[in-house]
Amino acid sequence: MAAMARKLLISAAVVAMSFAAVAASRIRLIYGKGWNRASEDVKKTMESPAFKTACKGKYVTEFVDWHEYKAPEGNLGSIKVPCIFVIDEKNHCYFVFENVPYNYSAEKLIKAISRVDEMRKKIEAGGINTPDQCGKLLMAMEKFVGGPKRVISQGFYADVFDKLVQLDPGDKEGWQRHFLLDDGIDLVIKANEYREKKDLAGGKAFIDAEKAKPRQHLNRDQQQAVLMAEFALYREDPSRKEESINKLKTVAAVNENTFWGTCALGWLNWLGQPPLSTYWGWHHGDFKGPQLNATVTYGVSYSFRRPGDYEIRFEPKEGNVNVTSVTLYAGNEEVASLKKTPFEFRVEREYAGRIDKMVVKGTAASDSEGDIIIHRRVLKPRKTK
Numbered sequence: 000m001a002a003m004a005r006k007l008l009i010s011a012a013v014v015a016m017s018f019a020a021v022a023a024s025r026i027r028l029i030y031g032k033g034w035n036r037a038s039e040d041v042k043k044t045m046e047s048p049a050f051k052t053a054c055k056g057k058y059v060t061e062f063v064d065w066h067e068y069k070a071p072e073g074n075l076g077s078i079k080v081p082c083i084f085v086i087d088e089k090n091h092c093y094f095v096f097e098n099v100p101y102n103y104s105a106e107k108l109i110k111a112i113s114r115v116d117e118m119r120k121k122i123e124a125g126g127i128n129t130p131d132q133c134g135k136l137l138m139a140m141e142k143f144v145g146g147p148k149r150v151i152s153q154g155f156y157a158d159v160f161d162k163l164v165q166l167d168p169g170d171k172e173g174w175q176r177h178f179l180l181d182d183g184i185d186l187v188i189k190a191n192e193y194r195e196k197k198d199l200a201g202g203k204a205f206i207d208a209e210k211a212k213p214r215q216h217l218n219r220d221q222q223q224a225v226l227m228a229e230f231a232l233y234r235e236d237p238s239r240k241e242e243s244i245n246k247l248k249t250v251a252a253v254n255e256n257t258f259w260g261t262c263a264l265g266w267l268n269w270l271g272q273p274p275l276s277t278y279w280g281w282h283h284g285d286f287k288g289p290q291l292n293a294t295v296t297y298g299v300s301y302s303f304r305r306p307g308d309y310e311i312r313f314e315p316k317e318g319n320v321n322v323t324s325v326t327l328y329a330g331n332e333e334v335a336s337l338k339k340t341p342f343e344f345r346v347e348r349e350y351a352g353r354i355d356k357m358v359v360k361g362t363a364a365s366d367s368e369g370d371i372i373i374h375r376r377v378l379k380p381r382k383t384k
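Residues in the sequence shown are numbered from 0 upward in steps of one, following numbering that gives the first Met the number 0.
Heads up, some of the hints might be wrong.
[To be verified] Listed next, the in silico DSS-like pairs over lysine-lysine satisfying Cα-Cα at most 30 Å (straight line):
#, residue 1, residue 2
1, Lys142, Lys197
2, Lys210, Lys148
3, Lys171, Lys55
4, Lys135, Lys43
5, Lys162, Lys196
6, Lys89, Lys55
7, Lys197, Lys89
8, Lys43, Lys142
9, Lys79, Lys43
10, Lys162, Lys240
11, Lys197, Lys135
12, Lys189, Lys203
13, Lys240, Lys142
14, Lys107, Lys57
15, Lys148, Lys196
16, Lys110, Lys171
17, Lys246, Lys360
18, Lys171, Lys79
19, Lys42, Lys142
20, Lys339, Lys287
21, Lys69, Lys43
22, Lys69, Lys57
Treat the hints as calculated values from the structure; they're not laboratory data.
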C-alpha cells in the first residue's frame, strides 16, 4: 500500500512539473553558432546559474542555431542575431529582442521580459471579448514585437485579430485599420502608382476613401502617412505646389523625427522651401530685423541628442546678423539662457535629446541667410603654458 502511494505521489509530481514547463513562457534564443561571437556570449549568459535564478521558474529556455532554424509559426525568424523571442503558453510571441548586446546581464534581460509579461497578463485578465479589448491588447503588445503588422501575424496574436474581425466585421470601431495600415508605406506607394499612371481621378477616389475611414486609433506616424499619400499623388502638379508644401509643413510639424517627418523635411528642402532649422540654417525672411526674434525647432533635438559640451555659432553667408542671446527649451521648460558669445552650453544626461526649441534674439541690419553650427566638443581644449 505504501509503495502504491509512493508511486502515485511520484506520478503526481511528474505531471505537475510537466504542466509547469508547458505553462511557462519560452525564451527562445536564435544564435549564430561558431560565427557570431555576441550570440555565443548571450547563450552563455542564458545558460548561467544567474539566469536560472533570475527566471524563478517562470521561464524555460530554448537555443536554436540560426543556420538550422525553421520558424515553425512562419514569422518568428530574424537575421538580427542574437535574437530572442518570448512565447507564452498559448503560443503568442509577446516580446522580441533583436541584436541583443553581448554584455546584457541575466537580471536586466529577465527584468525586461517580466515587465512585458506582467503587463500582458493584466490586460488579458480583463477579458478579450469586445473589439475594444482585442484592440487594446494588440496595440499594447505591438511595441514589444515590432509594430502593428507583425503583432497580427501568425506566431504573434493572429487569433486575437481574427476575433476582432469577427466581433466588428465592418470595422466601425477603427481598430482593424490601425493594424492593417501598419507604417503607411503601402498607402503612399499606391498613391504614387496612381500618379505614375496619370490617373489622378482614381487616385483622388482612393485617397478620399482612405480619409473617410475611421481614424480614432491611428497613431501619429499613420496620420502623417495619410497626408504624405495625398502629397505623393499631387506632387508633380504645379497648380498644387503651394498646397503640397503646406501639407509637408503639417507633416513635419507633427513630428520631424518619425520616418514621414524626415521625408517631409527632405521634400521641403528639395522643393526649395527648407524650413528654419539646424540642418539647413536660415534663409531670406527667417531672421527678420531690425530686432531679431526667431524660434528654431527643426533639428534642435537631434543636435543636442547626446550629453556633452556644446558651442552654438551663427555664420552668415549673405547679409549680416548680430545674435545677442540664445535660449534653449525642453518643452515649456527653459533649460538655459545664453547671452555671451561664443554661446557655450553643457547638456547634462537628463536633457540629452529633450532640448527641442531654440529662441534666437539680436539685430539684423539686412535680410540674410547663413548656417547654424552646433558643435559638440569631443576633445578637451589643450592647455597653454
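Which of the numbered hints are not met once you compare them with the structure shown?
Violated hints: 1, 3, 4, 5, 7, 10, 11, 13, 16 and 18; rest satisfied.
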